[in-house]
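Protein chains: 2
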Amino acid sequence: MASLSVSRPSHIFSGRLPAHSKPRMSGPTRIRMSLREDGPSIAVVGVTGAVGQEFLSVLSDRDFPYRSIKMLASKRSAGRRITFEDRDHVIEELTAESFDGVDIALFSAGGSISLEFGPAAVARGTVVVDNSSAFRMDENVPLVIPEVNPEAMRNIKAGTGKGALIANPNCSTIICLMAATPLHRRAKVLRMVVSTYQAASGAGAAAMEELELQTREVLEGKPPTCKIFNQQYAFNLFSHNASVLSNGYNEEEMKLVKETRKIWNDNDVKVTATCIRVPVMRAHAESVNLQFERSLDEDTARDILKNATGVVVIDDRESNHFPTPLEVSNKDDVAVGRIRRDLSQDGNKGLDIFVCGDQIRKGAALNAIQIAEMLL
Amino acid sequence: MASLSVSRPSHIFSGRLPAHSKPRMSGPTRIRMSLREDGPSIAVVGVTGAVGQEFLSVLSDRDFPYRSIKMLASKRSAGRRITFEDRDHVIEELTAESFDGVDIALFSAGGSISLEFGPAAVARGTVVVDNSSAFRMDENVPLVIPEVNPEAMRNIKAGTGKGALIANPNCSTIICLMAATPLHRRAKVLRMVVSTYQAASGAGAAAMEELELQTREVLEGKPPTCKIFNQQYAFNLFSHNASVLSNGYNEEEMKLVKETRKIWNDNDVKVTATCIRVPVMRAHAESVNLQFERSLDEDTARDILKNATGVVVIDDRESNHFPTPLEVSNKDDVAVGRIRRDLSQDGNKGLDIFVCGDQIRKGAALNAIQIAEMLL
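If you're matching them up, the sequences are chains A and B in order.
First residue of the first sequence? That's 1 in the numbering used here, and the numbers climb one at a time after it.
First residue of the second sequence? That's 1 in the numbering used here, and the numbers climb one at a time after it.
So here's chain A without its partners, still in its complex pose:
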């Protein structure tokens, strides 16, 4: 993942399904339609990171149109070369001036970079799609999952000279709400109890490398290298490394609580979450228990999810085939399974579901680029 070419992670950590939900042209007959004069000028901030690399991957996969692309990173990476869509690019150091003439900037370089350079970009007329948590709860900033609440950003377009900020939700929130929202629309979720199984990728490329390194070390009987996390990750799991607040929830859990309310525009929805890191590379899983206002039987729920955009149902009880992180790795769709009536609730007002989604893709880069597509 440290490589600067736009490559997939090693196949060993990929699932068995075809790589993309969307059919792709390939080989010499493919005509690149993405580099074109009527496209926006774009910038990628944090291009050397796990999500930054995935931005490039997704832009290319979706033939996102652009007339120019700037690769921005810290001073440390400036001057290095990067190949994107068969062209060489030089990574530039991020400054406020980087955004002169940029229509859309995709940010994934951490909250402090977003806080510093996001407003500078907006002041220059750039629409910023920000993957950090810096602006998510700002009431003037839309927090958007395109399949869920596209209306929140309906007045924002690129290339008008008018800058704006749009926040990409937290990965766990996106993956959870991709599955919960179609059910919420039908039966109204009153309360949601979420337990997560979160991948290394949420802590960045270095965390993925540390998991792999530690696993090798442990198998060789060596003490594991603990730089990113303060404890052994290989063959272990632990409470999410985000800071724990005075109410006992960690920040990751509170994102699920608060972002759900904002995205659903429903301050009454009750959410609790327990966020756990598991030794998996790049896709999150979530066990979600739902309480509804209105009845919703499991067969209807399954049909609703089968028809939901960006969702695939994997729910084969007979062969015990349900979503796994590996199977959704490098995939666009969020997979849902284990759909069943909750025995602990009366009637048909409760469901249990199990959801998996690629943390780097739909949990971050894909969602941001879907937002960017709505700006065109």
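Please note that the accuracy of each hint is not assured.
Identical chains share a label here; the pair holds if one copy fits it or two copies do between them.
What the hints assert, rightly or not - Capping the alpha-carbon separation at 25 Å, the derived lysine-lysine pairs in DSS-like fashion look like this:
1) Lys70 <-> Lys162
2) Lys162 <-> Lys222
3) Lys306 <-> Lys349
4) Lys222 <-> Lys75
5) Lys188 <-> Lys306
6) Lys75 <-> Lys162
7) Lys270 <-> Lys258
8) Lys75 <-> Lys227
9) Lys258 <-> Lys188
10) Lys349 <-> Lys270
11) Lys157 <-> Lys70
12) Lys270 <-> Lys188
13) Lys349 <-> Lys258
14) Lys188 <-> Lys349
15) Lys162 <-> Lys258
16) Lys349 <-> Lys75
The set of hints was computed from the structure by calculation and includes no laboratory data.
Given chain A, put chain B in place with the hints provided.
What follows is chain B alone, placed relative to chain A:
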């Protein structure tokens, strides 16, 4: 784990804490008090398995008294030698006659072996402590966690010539109820939503070996060997491999639902569970959301748990130190942390907790031997 000596698994999969809650004597000054004429005659059924091996480990650690011990296994293993407490033993083939003169038999050889040989042992006056699910829901068989419901077996003693069956609960149930019961006693649990993070060991020693082998293969870029499970386990997780029933719950989940009711002698308690296997060796974790009848604030809950037998509280918010499977591996106590008021419930009637326990030890062998101790 396939070794027939009574050894710990490799240190690489063990936690950092001292190995046992209970202080041990060691070295040449230690006097063995376990082999003695006034102890019961015991038999271990399934002695070559992961739990069978742990039976021996725990018997030795706790200086369980015995005047003789029979090592029983399938015909395939019969004749092999096994060293236990510095003496050589020959593994015998399990037959109905094996139980002649045996006071206590510890069974962990799967449900069908228990169904076939459990009653035969009882007929010979043996008290059987059975780790399988064969008799758990039989209304004539006590289902016991010694810290929770010792009264369920108060009329059963060893060496009286009167045989009996006692069932050891499912590992996930034991670990969950070790933490939930002290809170239940104070505030009465009305509903419990459980999501598990289950280790390889629950599927036996071969599953632990497969996880290790697959991990090596995946790191070398080779396809993973899938014999025990039908899909990649290394760097992945999946819905528990138990059969899925017509209500959509798998058998493991229904054990949590039904065994809780029986152990608490409370047919009204509402439980739902989602059981997931994670790539961890030998300790389970569980995220448990609790709804109470009466108020219970988190500080009181923490104090109750600190004073509960067999429970250790690891709940350091500042340093983000909470229970992990690795830290409880090879330990007796169940660890509880992330104790906090559930924001999604009104008042003080809801709590979230996170529990870890060694699946082979308290989840199986230790609990069974604690039961056996109560027979003396």
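Cross-check of the supplied hints:
no. : hint              : verdict
1   : Lys70 <-> Lys162  : within (19 Å within a copy, 82 Å between copies)
2   : Lys162 <-> Lys222 : neither (56 Å within a copy, 52 Å between copies)
3   : Lys306 <-> Lys349 : within (20 Å within a copy, 36 Å between copies)
4   : Lys222 <-> Lys75  : neither (35 Å within a copy, 38 Å between copies)
5   : Lys188 <-> Lys306 : within (18 Å within a copy, 39 Å between copies)
6   : Lys75 <-> Lys162  : neither (28 Å within a copy, 80 Å between copies)
7   : Lys270 <-> Lys258 : within (10 Å within a copy, 28 Å between copies)
8   : Lys75 <-> Lys227  : within (23 Å within a copy, 50 Å between copies)
9   : Lys258 <-> Lys188 : within (17 Å within a copy, 30 Å between copies)
10  : Lys349 <-> Lys270 : both (15 Å within a copy, 14 Å between copies)
11  : Lys157 <-> Lys70  : within (20 Å within a copy, 78 Å between copies)
12  : Lys270 <-> Lys188 : both (11 Å within a copy, 22 Å between copies)
13  : Lys349 <-> Lys258 : both (23 Å within a copy, 21 Å between copies)
14  : Lys188 <-> Lys349 : both (10 Å within a copy, 23 Å between copies)
15  : Lys162 <-> Lys258 : neither (28 Å within a copy, 60 Å between copies)
16  : Lys349 <-> Lys75  : neither (54 Å within a copy, 52 Å between copies)
Violation of the numbered hints given earlier is confined to hints 2, 4, 6, 15 and 16; the remaining hints are satisfied by the structure.
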